[in-house]
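Trainee: These are the residues of each chain, in order.
There are 2 protein chains.
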Amino acid sequence: MVTYPKFEDISSVACVGVGTIGGGWAAYFLSRGLSVRAWDPSPDAEAKLRRLIDAAWPALTALGLAENASRDNFTVHADLNEAVRGVGFVQESAPENLELKQDLLARIAEAVSPEVVIGSSTSGYGMTEMAQKAEDPSRLVVGHPFNPPYLIPLVEVVGGLQTDPQATSWASGWYEFIGKSVITMDREVPGFIANRLQEALWREALHMVDNGEATVEQIDLAITDGPGLRWPLQGPMLTFHLAGGEGGMAHMLDHFGPSLKSPWTRLDAPELTATLRQDVIDGCDDEAAGRSFGELIAQRDAAIIAVRQVVETIRSPQGVQAK
Amino acid sequence: MVTYPKFEDISSVACVGVGTIGGGWAAYFLSRGLSVRAWDPSPDAEAKLRRLIDAAWPALTALGLAENASRDNFTVHADLNEAVRGVGFVQESAPENLELKQDLLARIAEAVSPEVVIGSSTSGYGMTEMAQKAEDPSRLVVGHPFNPPYLIPLVEVVGGLQTDPQATSWASGWYEFIGKSVITMDREVPGFIANRLQEALWREALHMVDNGEATVEQIDLAITDGPGLRWPLQGPMLTFHLAGGEGGMAHMLDHFGPSLKSPWTRLDAPELTATLRQDVIDGCDDEAAGRSFGELIAQRDAAIIAVRQVVETIRSPQGVQAK
Chain A
1 MVTYPKFEDI
11 SSVACVGVGT
21 IGGGWAAYFL
31 SRGLSVRAWD
41 PSPDAEAKLR
51 RLIDAAWPAL
61 TALGLAENAS
71 RDNFTVHADL
81 NEAVRGVGFV
91 QESAPENLEL
101 KQDLLARIAE
111 AVSPEVVIGS
121 STSGYGMTEM
131 AQKAEDPSRL
141 VVGHPFNPPY
151 LIPLVEVVGG
161 LQTDPQATSW
171 ASGWYEFIGK
181 SVITMDREVP
191 GFIANRLQEA
201 LWREALHMVD
211 NGEATVEQID
221 LAITDGPGLR
231 WPLQGPMLTF
241 HLAGGEGGMA
251 HMLDHFGPSL
261 KSPWTRLDAP
271 ELTATLRQDV
281 IDGCDDEAAG
291 RSFGELIAQR
301 DAAIIAVRQV
311 VETIRSPQGV
321 QAK
Chain B
1001 MVTYPKFEDI
1011 SSVACVGVGT
1021 IGGGWAAYFL
1031 SRGLSVRAWD
1041 PSPDAEAKLR
1051 RLIDAAWPAL
1061 TALGLAENAS
1071 RDNFTVHADL
1081 NEAVRGVGFV
1091 QESAPENLEL
1101 KQDLLARIAE
1111 AVSPEVVIGS
1121 STSGYGMTEM
1131 AQKAEDPSRL
1141 VVGHPFNPPY
1151 LIPLVEVVGG
1161 LQTDPQATSW
1171 ASGWYEFIGK
1181 SVITMDREVP
1191 GFIANRLQEA
1201 LWREALHMVD
1211 NGEATVEQID
1221 LAITDGPGLR
1231 WPLQGPMLTF
1241 HLAGGEGGMA
1251 HMLDHFGPSL
1261 KSPWTRLDAP
1271 ELTATLRQDV
1281 IDGCDDEAAG
1291 RSFGELIAQR
1301 DAAIIAVRQV
1311 VETIRSPQGV
1321 QAK
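Taken in sequence, the protein lines are chains A and B.
Sequential numbering of the first sequence, starting at 1, is according to this note's numbering.
Sequential numbering of the second sequence, starting at 1001, is according to this note's numbering.
Heads up, a few of these hints could be off.
The calculated DSSO-like cross-link candidates involving lysine-lysine, where the alpha carbons are at most 30 angstroms apart (straight line), are [claimed, not checked]:
1) B/Lys1261 / B/Lys1133
2) A/Lys261 / B/Lys1006
3) A/Lys261 / B/Lys1133
4) B/Lys1006 / A/Lys133
5) A/Lys6 / A/Lys133
No lab work stands behind these hints, which were simulated from the structure alone.
Could you put the whole structure together from the sequences, leaning on the hints where they help?
Mentor: Here is the structure:
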């Protein structure tokens, strides 16, 4: 049985592939005080990575650097085996090409010590199919970030059928240890969670443009000046919990349940069974975590006001300019 | 031909129905320095409205009141005809019941002067069906707000088949005049725009809960700590424009277009025809309005940092408490 490393013992990590996503990960790891060993087949990898880190550094500084963080604490290696040597964790961020990822993950798994976990930034493939060429797929885990990975906290973690469940929970713990918001999924679902939600909205938007029902600008305005203002603090479920008034999600489902039959999107809704109804209500109660209706409303309103003020400052001609 | 009132000549408006939405509208109108005449069949309408206005007032004060704004500048009337007497605009926010709205809108249209426009807060019905009982449906327009109407700027405006197009554009101008973000739709679409997008995401979320693919809390975390952080400043379309890197939406569509065939949501995507592709690309270019890739990225990053800081303050135990 493998003993995975203690999080606090890890001082260096490898980034395999340093495009927008991999480079963003590298910047994030550096900001946490880690040293980064990078590999990328592109001939100007080092210059590109340097630019990505420099671009991300002001944001990372604003959010707070670890004490020993340095933007220069990285090396770029021509040889993959050399890049992953001695590291405590590997983040793979190669282009979204199944065969390429299969080969690369097999090579990485072979090159690192048997207690090193390898996270893949894939936004769509499941680890079961990506791990197919690896001799030992037990430490291969999806760790799906959001662009830009140095600013968006979310990481979705899910193992494949051959992944050691201990490696999956180690990966979740590790991402949390370095300050990420982690969702650990029990099983592989195409698109994971955030991309499924985002993709449903995106496809509905494409249909609307396709049918002349809305323009691109109207779609964006509908979100930025509408529900998008509520979502950074309270997600869509808790938002609807509040829409139900004092009666919460139960009232909301009983009152607006019939609208699930309305043609308000091209996506058919599931049957609102008693079980589904109860699951959604219980989930909202868990999330409210004892906060009263009044407290949730006060937090929502405070967030909307502050977010509107932030956005207005940035939109104004006197607002933030590009460096 | 009707001459609609000048916006600056309007000093009083009527709110028909003062539940959560209508009461929120009343608070908003008061904050703009208008006087409000309210009608609601509920016996404790006045006390309820007073509570709603008092609850909204701190937020409205934080966002900035008009010079002559007063939270006491309202009257509640037992008689509908009396409530709408002499006002320059009527906002109807009755419960979401078609027959009830048809009757009420017919009565309002008959009671007001022929140059007064009537906006309906309906979140789902089209004005063509809601106006069926009105003798003169020409000034009946949908003006769909988002909860809470005193904080979320979005109002979706769309007329019915019998609405005077001048009344529709007057309504859009009026909502803009009082500080709202307005989307004027060319034709009736069930769910308008924002609710279609929101509903697609909500239905996908319900399917995921129904199938045990995600919990309520995971769904909310996926949005609040993921794409939801990007959407208050840049909507889903402009977000993907940036995901395309320097190549923008064109590169994004060519690169990720095939993922429209992936089972990343239960909603089938439209065919990515050359026309659709071009419409989306052109829309993003219009929206970027000359801002460079670097400028857009800098604005996005500044917004995400500031929004994260806002949210963290509110979430922390020292953060905002309910009043």
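Trainee: Does lysine 133 of chain A lie within 30 angstroms of lysine 6 of chain A when you go C-alpha to C-alpha?
Mentor: Roughly 28 angstroms between the alpha carbons, so the hint for lysine 6 of chain A and lysine 133 of chain A holds.
Trainee: Take the C-alpha atoms of lysine 261 of chain A and lysine 1133 of chain B, compute the straight-line distance between them, and say whether it is at most 30 angstroms.
Mentor: 25 angstroms, holds
Trainee: Decide if the proposed pair is consistent with the structure: lysine 1261 of chain B and lysine 1133 of chain B, CA atoms, cutoff 30 angstroms inclusive.
Mentor: 45 angstroms, violated
Trainee: Quickly compare the C-alpha distance for lysine 261 of chain A and lysine 1006 of chain B to 30 angstroms and report which way the hint goes.
Mentor: 41 angstroms, violated
Trainee: Would you check the hint for lysine 1006 of chain B and lysine 133 of chain A, treating anything up to 30 angstroms between C-alpha atoms as holding?
Mentor: 72 angstroms, violated
Consistency with the previously given hints fails for numbers 1, 2 and 4, ordered from lowest to highest.
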